[in-house]
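Peer 1: For reference, the chains in residue letters:
Protein chains: 2
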Amino acid sequence: MVAFNDIQEETQKKIVSAALEEFAEKGYDQASTNRIVKRAGVGKGMLYYYFKNKKELYLYLVENSLEAIEHEYINKIDLSETDFFERLQEIVEFKMKVYFKHSGFFNFMSQVLVMESSHLPDNLANRIDTLRTEGMGKLYQNVDYSRFRDDLDVEKTLQLIQWSLDGYANSIIERLKGIDFSQFEYESYHEEFMEYLEVLKKAFYQKKGDE
Amino acid sequence: MVAFNDIQEETQKKIVSAALEEFAEKGYDQASTNRIVKRAGVGKGMLYYYFKNKKELYLYLVENSLEAIEHEYINKIDLSETDFFERLQEIVEFKMKVYFKHSGFFNFMSQVLVMESSHLPDNLANRIDTLRTEGMGKLYQNVDYSRFRDDLDVEKTLQLIQWSLDGYANSIIERLKGIDFSQFEYESYHEEFMEYLEVLKKAFYQKKGDE
DNA sequence: ATGCATATTGACCTAAGTGGTCAAATAAAT
DNA sequence: ATTTATTTGACCACTTAGGTCAATATGCAT
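Protein chains in written order, with the UniProt record's numbering: chain A, 1 to 211; chain B, 1 to 211.
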């Protein structure tokens with residue numbers, strides 16, 4: 001993770017980490033600076049020693065999270081793979097790894113991406129917008145759609161798959177709440193995911209042989 | 001709708017309606033009695049004239065909503081129909097009708113069902129629990145599962161369909177936010193729904209002929 | 001019209017929580 | 001020993017919370 005690299009001080013790290021969690025759970029408005037410092041286990045003053053105020057802390061987190069994603073996520077997806085499910089697997093595996101390693105950061109960005117970004121500085125709002133559409137694009141660009149069954153509406157098919165995966169992701173996150181996975185094997189979850197993927201593939205791809 | 005029938009006073013109706021919306025949007029803790037009376041367009045005192053306090057207002061809403069569902073929802077689903085997608089269609093159509101007629105009530109109950117009910121009186125908590133499991137049961141009981149493709153894990157298939165429908169429902173609700181549908185045709189939405197259902201059916205049912 | 005009960009209002013109360021400040025204490029570095 | 005960088009938490013002004021209540025408006029029976 002390249003983000004938050006400029007931080008040296010331990011106290012500041014604690015604040016950043018606590019703030020990521022608090023903002024992720026409550027959103028900007030409902031997040032409380034008092035709770036952040038309590039979570040971080042430091043005095044109230046430290047937040048205002050390292051950051052000018054609540055808003056600047058938030059913007060700092062957004063800025064650095066965006067940078068991390070821009071440098072480490074985008075361009076790591078192999079667009080030459082034209083099989084939809086291979087592509088999907090690649091993306092989900094990558095996301096899973098990030099989640100298990102940096103769940104605070106991951107949840108924070110999820111919050112940011114789902115929120116309206118209109119009240120943020122143009123600079124950030126635009127980059128968030130780009131990320132939203134680009135994230136979609138990575139999944140659907142340069143995919144060989146002829147492998148899908150031709151007796152089904154492809155657009156609706158893709159939408160259904162999307163919803164299925166969203167639901168699966170939510171159920172995973174729900175199941176993992178409160179579980180410590182600092183040294184957690186994600187192999188079992190990966191296996192389960194592959195089984196669901198297999199069902200979708202069998203359901204929506206052409207039977208082998210016809211093309 | 002049989003619930004809330006014992007209400008005579010117009011003012012009380014306004015409060016109930018406003019409270020349903022406020023609790024649905026914010027949940028119990030974040031809901032504000034000040035906002036409720038503002039929404040209802042009545043003075044602060046009226047809330048405490050008709051209800052003892054915030055908690056009792058909330059419990060009144062839960063109680064009456066549960067009664068409405070218990071009397072009008074359960075037992076209206078035809079369990080003799082063994083085709084999964086026919087059953088599904090029946091349930092969703094019913095839900096859609098309720099949503100279009102009583103969206104405040106519908107959204108409130110959605111909130112109640114998704115929240116933890118442990119802090120409610122046993123009486124209500126139990127009925128909510130029953131509703132949760134029974135609601136699932138109505139969809140899956142006495143269904144002819146042999147019509148599903150036998151090369152797919154049935155349990156995973158059903159789970160995927162469930163997630164798909166949840167995603168579809170959310171997208172509908174999102175699209176409808178802020179739209180007035182007091183005299184809204186829901187035919188167009190119904191048609192779209194049937195198309196999605198058709199895709200799912202083709203994807204997960206056996207090809208006609210083999211059994 | 002008069003009197004009485006029912007409805008209705010909004011200023012007001014206390015308590016809790018908000019973002020933010022700062023003098024004072026502590027720890028580190030020189 | 002003295003300066004410098006950290007760290008604390010009591011404190012401030014402000015907002016909002018749930019809840020109360022004296023004052024008033026309304027409807028109705030006589």
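Just so you know, these hints were derived from the structure itself, not from any lab.
Any given hint might turn out to be false.
Since the list gives no way to pick out one identical chain from another, each pair is judged satisfied if it fits inside one copy or across any two copies.
Calculated lysine-lysine pairs in the PhoX-like style (CA-CA distance at most 25 Å, straight line) [what the hints assert, rightly or not]:
{"id": "1", "residue 1": "K97", "residue 2": "K156"}
{"id": "2", "residue 1": "K52", "residue 2": "K76"}
{"id": "3", "residue 1": "K26", "residue 2": "K55"}
{"id": "4", "residue 1": "K207", "residue 2": "K55"}
{"id": "5", "residue 1": "K138", "residue 2": "K177"}
{"id": "6", "residue 1": "K26", "residue 2": "K14"}
Peer 1: All hints, please: hold or fail.
Peer 2: Hint check results:
1. With identical chains, the CA atoms of K97 and K156 are at most 25 Å apart between copies only, with a shortest distance of 24 Å across copies and 29 Å within one.
2. When the C-alpha separation of K52 and K76 is checked against a cutoff of 25 Å, the pair qualifies neither within a copy, at 35 Å, nor between copies, at 59 Å.
3. Proximity of K26 to K55 under the C-alpha cut-off of 25 Å is found in both arrangements, the shortest distances being 15 Å within a copy and 23 Å between copies.
4. When the C-alpha separation of K207 and K55 is checked against a cutoff of 25 Å, the pair qualifies neither within a copy, at 54 Å, nor between copies, at 58 Å.
5. Taking the shortest alpha-carbon separations for K138 and K177, neither the intra-copy value of 28 Å nor the inter-copy value of 29 Å comes in at or below 25 Å.
6. Taking identical chains as interchangeable, the C-alpha atoms of K26 and K14 lie at most 25 Å apart only when both belong to the same chain, with a minimum of 18 Å there against 30 Å between chains.
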